Amino acid sequence: MSLISIKTGNATGAKYWRSLDQLAGTAEFRQWLEREFPAGASEMLDGQSRRNVLKVMAASFGLAGLAACRRPVEHILPYAKAVEDLIPGQAYYYSSVMTLGGQATGLLIETHDGRPTKIEGNPDHPVSLGAATAMQQASILGLYDPDRSARFLENGAETKKSWPEFQAYLKGISLGDGSGLRFLSDAVISPSLAAVRADALKKYPKAKWVEFETFSRENERAGAVLAFGDAFEVHPQFDKAKVIVALDSDFLGLDSASPLPTKQFSKRRRVGSEEDLDRINRLYAVESQFSITGANADHRLRMKAAEVKQLAIDLAASLGALQGLNIVGGGDKRAKFLAAMVKDLKSAGAEALVVAGPRQPASVHALAALINQSLGSAAVSYVKPEKAEPGIDSGLAGLKTLTADMNSGQVSTLVILGGNPVYTAPADLQFAAALAKVANSIHLGLEEDETAASAKWHVPGAHYLETWSDARSTDGTVAIQQPMIDTMYGGKSPAQMVAMITGAKDQKAYDIVKNFWTSQWPAKDREKIWRKSVHDGIIAGVKPVEAAKASVDAKKLAAAIAAEPKASTDGVEVSFVASSATWDGRFANNAWMQEAPDPMTKLTWGNAALMSPATARAQSLTDGDIVTLSRGSYKMEAAVLIQPGQADQAVTISLGYGRAKCGRVGRDVGFNANLIRVSDSPWFASGFSVAPTGKKFKHASTQEHGTIDDKGVNAEHQNSRPVYREVSIEEYKKNPKAIEEMSEIPELQSIYPERVYDQGYQWGMAIDLTACTGCNACVVACQAENNIPVVGKEQVTRGREMHWIRMDRYYVGPEDDPRAVEQPVPCMQCENAPCENVCPVAATTHSPEGLNDMAYNRCVGTRYCLNNCPFKVRHFNFLNFHKHEPELEGMVYNPDVTVRMRGVMEKCTYCVQRIQETRIKAKNEGRRAIKDGEIVTACQQTCPADAIVFGNINDPNSRVTKLKKQERNYAMLAELDIRPRTTYLAKLRNENPELA
Amino acid sequence: MAAIFPKSSDLILKILGAMVGLGALAGVAGYAYYTYPTVIDTGYQPVQPVPYSHKLHAGQLGLDCFYCHSTVYKAAYAAVPATETCMNCHTKVKPESPRLALVRQSFATGQPIPWVKIHFLPDFVYFNHQAHVTAGVSCVSCHGRIDQMIEVHQEKPLNMAFCLACHRDPAPNVRPAELVTKLDWQPDPAMGKDAREIGQEIIAQKHLNPPTNCSGCHR
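One line per chain: the protein sequences are A and B, in this order.
Letter 858 of the first sequence, counting from 1, is numbered 1095 in my numbering, and no numbers are missing.
Letter 27 of the second sequence, counting from 1, is numbered 1245 in my numbering, and no numbers are missing.
Think of the hints as simulated: they come from the structure by calculation, not from any bench.
Since this is a predicted model, take the numbers as computed values, not measurements.
Please note that the accuracy of each hint is not assured.
Said to hold, decoys possible - Rough simulated footprint, nothing fancy, chain A against chain B, three-plus residues with beta-carbon under 8 angstroms:
hint	region
1	1290-1302
2	1337-1347
3	1387-1400
Unchecked claim - Straight-line C-alpha distance at most 30 angstroms; calculated DSSO-like pairs for lysine-lysine:
hint	chain 1	residue 1	chain 2	residue 2
4	A	Lys1160	B	Lys1292
5	B	Lys1424	A	Lys318
6	A	Lys674	A	Lys693
7	B	Lys1273	A	Lys1158
8	A	Lys1160	B	Lys1424
9	B	Lys1292	A	Lys1168
10	A	Lys970	A	Lys693
11	A	Lys621	A	Lys792
12	A	Lys970	A	Lys252
13	A	Lys1160	B	Lys1411
14	A	Lys1160	B	Lys1312
15	A	Lys318	B	Lys1335
16	B	Lys1424	A	Lys1168
17	B	Lys1335	A	Lys765
18	A	Lys318	B	Lys1411
As the list claims (entries may be wrong) - From the derived model, a few chain A residues whose C-beta atoms are all more than 12 angstroms from chain B:
hint	residue
19	Thr396
20	Trp758
21	Glu991
22	Ala1079
23	Glu1086
24	Met1091
25	Asn1094
26	Arg1139
27	Glu1154
Backbone N, C-alpha and C define an ideal beta-carbon position, used for all residues, glycine too.
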């Protein structure tokens, strides 16, 4: 992307565009559009000449010839003593729970012969409702991470010592009354850990425990204190809201670690009938970076994060909820936006909801509460958190106090239970230096990370899939965390570590959890309740949290806000967000996450300093220019990525990259933004300077990969066959045929004989673009289910990523302030599949049930099929991506799907293994009919928005058939007479006519 | 210019050419023949760690196949039995036999007996025992007369042509489902129907329709 081409603006006139290059029509972009792969993509290997490769190949052929003389001996190793009810080779599902960012999500985990292979949401768990986010799906790879901590480190160096020596060391520390003892952990939402902690604090009354999460809800709690005079948890119910205003809140994306907000929000985005059109919600988003919440908003206003507070004040004042504060008139767009929001919120009344993002200061949260109260919103409730026990500190303030204590020599023993504070703590705390002053520092963790290297002792922790625990979710439900496999490296859970220090009676993770719960139950039912709780994943009879009454004193709040010092918004603002791939860095060594393209930037393998086209233009910066971001003594280098829709003079950078001490996957990937993050402005700060360094960096972005030519043969007709279709509800009501009329389909005649598909099951899929948020959960679920390899950054830049679902993101409108839409594109299972008739070896053929079958063992890798695929959804194994994979990582594979070799084409098959499994099951059960909804594809299963529906289109009563009957149903590129089985339900935009 | 080679050398050249040609042909033919599954796979008879005789147990003693391979009718895999299954009898029968030392050792230590796999399908083939057994395809169709084998060997080629032959014309291999483990079953001559006719009746009655498309077996 060159500067000149930005200036030319919309040279191509494309309505839906993927990148600024496309908008400008650069040669680089045309390559992605017209060629199957960019030039040079077919080169076999780097650093090896073709001749060398041939030599190696000749040698290996020779060896292969010799080796093939003998048939490899395979053993069958049955159990010595059979396990009751266990059938070898069969998949079993167990419930468990994952804790991330202080949030618990109930999960169902598929295991094959004792090894967990796939994670799904637990439908019975109220926070999951069957869905799992991309990170939850990918967390299984962390279990088999070959770089996981498997050994003890002493002073950062490997040691032969193990638990007995460590325990002896522990005994040697005299803790006395605990005045020198500190614990540092993630947010504790495990009741059994809390009980163990209470015992520890009782035994060592002067000890202190600090809970620290990088992404926490502490601003929300502080906002409640400001508004209500007391701490409350805010529980928004998005399904009860008709008009939602998100103040810098990415509740559909990274501001929620659980799929619940998306589940709730999408309930009022799916349109099944006419009435649903009037129930559909409207979302206004105000934000600095372009989040997926912003992409799903019907109206979005970009502004610096620091300006959101004034907007909240204006909103509250305009609604009459707040007196005494002046409304600050902004630009024309802002004023119009504000007026429209006010009108809409007022008319929604009890169905109105204003949410503030966790990065916004307390006053914005308090204002949101005030607005909700004045509107009489029924879509939010407040819950009184359990009273914090003395000795427990939390949040950034807690970490600050701890660091101060460490520096002043008050801390002699620090026990770090998970987490990586040396990396995640804000730069000004200088946690590593403080840690060095602690005589006995112990780090329990899954990784040999920065903290492990700086602590006196590092001991291996247990992954959540290999140890017992429990977790309370925000609504009060408690789920048991059940191990799927024994600890691989003898790791321990945080509760075990604390129990070891206090010398408690229960030392095993199982005993700690089980005895904590069973002691609360009547003795005769204990075993029964316990078994049921473990089976269901939810402890029966735990009371859900109750909403508390809370009211805001508007006058007091107005006075408090008026007294707040006015924050400067001068200069460049830098804001920090969670990474869609690595969260706060804890998934940095997770290759699935690193390679999953960010929903908005489409970056893989790294982060970037995101800035608006105008900001970049002002500094003559382009994509990949490395700049120094600095403020005072804090500075970092980061590569620029121009992000349309970003607020001007505002840079956003995601945390969780640039890990120095990390496994092979995540080491030195991206830029470490913690270097410029300070504790008094941890989320955004103004006054940064951006200085070009003259160095260049190559981003691995997939935004142009698989671009579909939407102009067709009539190049002069712009968008003659739009691949993404949307319409406003107003227009749709007026003209339901609006979607169909977007393209002109001539009378089509096939040169092939007509095939009839009116017998038996005929599989099809409908994807609702109104509901889809583009969250990536389906992409990772598909990867886990179908053994899709990871290719690495270098290969991604060549367009060789293997994801079977490509999440296409299009911008609409001007480059500075566009809208964005998301569209998942899997194989469409065309009835007249163009790939099939060009395959010279019949490796891809049609099944009688309408699937476009792919026989990997037949494929010889001509790639003709990919060349002929108009959707570019076929993926080719250019290299043997499994070759250098450690054996351990292979444990994650789904045994029901073939692991593909180099030179083989692959693609989505509607999870044919799941179809066949259910078919065989139905046949064995007396050849009964397969029920609608009995087969769910992996993407459908995990979709938090329930946007994907799969089923038998030959059954007039199936859900998919009914959806496909809607007028907004359209087939992508139907003009080609390929008759895709996967169709889309066009996006319905609930626009406010006043802003349209 | 005089010829360097005499005219007779033409013949040598022709013979040489013919030999190379024939050699190549023989090579191709040999390769094709010796790598064909009926040649390379059938008859595979590895030595098992325990000299277990199917002829004795399944043939003479008349143990049903299901007794040991208990998962065939309820799962994709026909599991090889746990050591415990052997010990059900062998704590009483021949408890001291030296040939059973490994079995007793496995039972005591919990270490599995390393049986050698004989019937081997490639990783990209997904065969489901339950589906076949429930449909009425007998063990004998793919495994042969196991009840007559002292040491088991692979009888059928188990290649794709073998599978497809039956999937295209299943009638000769379909019998009443309760008789699948009766390896020596023959239709009762008094009934007046041969195996194919019985098979056809069952196919019609159960609506059997074995898949012949790729994803039926390859996923």
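Hint-by-hint comparison with the structure:
1. Look at the region 1290-1302 of chain B against chain A: 10 of its residues bring a Cβ nearer than 8 angstroms to a Cβ of that chain, three or more, so the hint holds.
2. Given a C-beta distance limit of less than 8 angstroms, the hint that chain A covers the region 1337-1347 of chain B holds, as 6 residues qualify and 3 suffice.
3. With a cut-off of 8 angstroms between beta carbons, the region 1387-1400 of chain B has 0 residues touching chain A; three or more are needed, and the interface restraint is violated.
4. A hinted pair counts as satisfied when its Cα atoms are at most 30 angstroms apart, and Lys1160/A with Lys1292/B qualifies at roughly 12 angstroms.
5. This hinted pair does not check out: Lys1424/B and Lys318/A have alpha carbons roughly 37 angstroms apart, beyond 30 angstroms.
6. Between Lys674/A and Lys693/A the alpha-carbon distance is near 11 angstroms, which keeps this suggested pair within the 30 angstroms criterion.
7. For the given pair, Lys1273/B sits about 33 angstroms from Lys1158/A by alpha-carbon distance, which is inconsistent with the 30 angstroms threshold.
8. Proximity of Lys1160/A to Lys1424/B is assessed by CA-CA distance (about 9 angstroms); at most 30 angstroms being required, the pair is judged to hold.
9. Using a Cα cut-off of 30 angstroms, the hinted pair Lys1292/B and Lys1168/A holds, with the two alpha carbons roughly 21 angstroms apart.
10. Pair hint Lys970/A plus Lys693/A does not hold up; C-alpha atoms about 68 angstroms apart against a cutoff of 30 angstroms.
11. A distance of roughly 23 angstroms separates the Cα atoms of Lys621/A and Lys792/A; the hinted pair therefore holds under the 30 angstroms criterion.
12. At most 30 angstroms may separate the alpha-carbon atoms for a hinted pair to count; Lys970/A and Lys252/A meet this at roughly 23 angstroms.
13. The hinted pair formed by Lys1160/A and Lys1411/B meets the criterion: a straight-line CA distance of about 27 angstroms does not exceed 30 angstroms.
14. Among the hinted pairs, Lys1160/A with Lys1312/B is inconsistent with the structure: their alpha-carbon atoms are about 43 angstroms apart, more than 30 angstroms.
15. With a CA separation close to 20 angstroms, the supplied pair Lys318/A and Lys1335/B stays within the 30 angstroms bound.
16. The straight-line distance between the Cα atoms of Lys1424/B and Lys1168/A is roughly 19 angstroms, inside the 30 angstroms bound, and the hint therefore holds.
17. Among the hinted pairs, Lys1335/B with Lys765/A is inconsistent with the structure: their alpha-carbon atoms are about 42 angstroms apart, more than 30 angstroms.
18. As the CA atoms of Lys318/A and Lys1411/B are separated by approximately 45 angstroms, the hinted pair breaks the 30 angstroms bound.
19. In this structure Thr396/A is separated from chain B by more than 12 angstroms, as the shortest Cβ-Cβ distance comes to about 32 angstroms.
20. With a closest Cβ-Cβ approach of about 34 angstroms to chain B, Trp758/A is found to remain outside the 12 angstroms limit, as its non-interface label requires.
21. At roughly 19 angstroms from the closest C-beta of chain B, the C-beta of Glu991/A stays outside 12 angstroms, upholding its exclusion from the interface.
22. Residue placement check: Ala1079/A does not keep its beta carbon more than 12 angstroms from all beta carbons of chain B (closest about 9 angstroms).
23. With a cut of 12 angstroms on Cβ distances, Glu1086/A falls inside the contact zone with chain B, its closest approach being about 8 angstroms.
24. Non-interface call for Met1091/A relative to chain B: violated, since the shortest CB-CB distance, roughly 7 angstroms, does not exceed 12 angstroms.
25. Asn1094/A, annotated as away from the interface, has a beta carbon of chain B within 12 angstroms; the closest lies near 5 angstroms.
26. Chain B leaves Arg1139/A outside its interface by the beta-carbon criterion, the shortest separation being 15 angstroms against a cut-off of 12 angstroms.
27. The claim that Glu1154/A lies off the interface is violated: its Cβ sits roughly 9 angstroms from the closest Cβ of chain B, which falls inside the 12 angstroms cut-off.
Of the numbered hints given earlier, the model fails hints 3, 5, 7, 10, 14, 17, 18, 22, 23, 24, 25, 27; all others are met.
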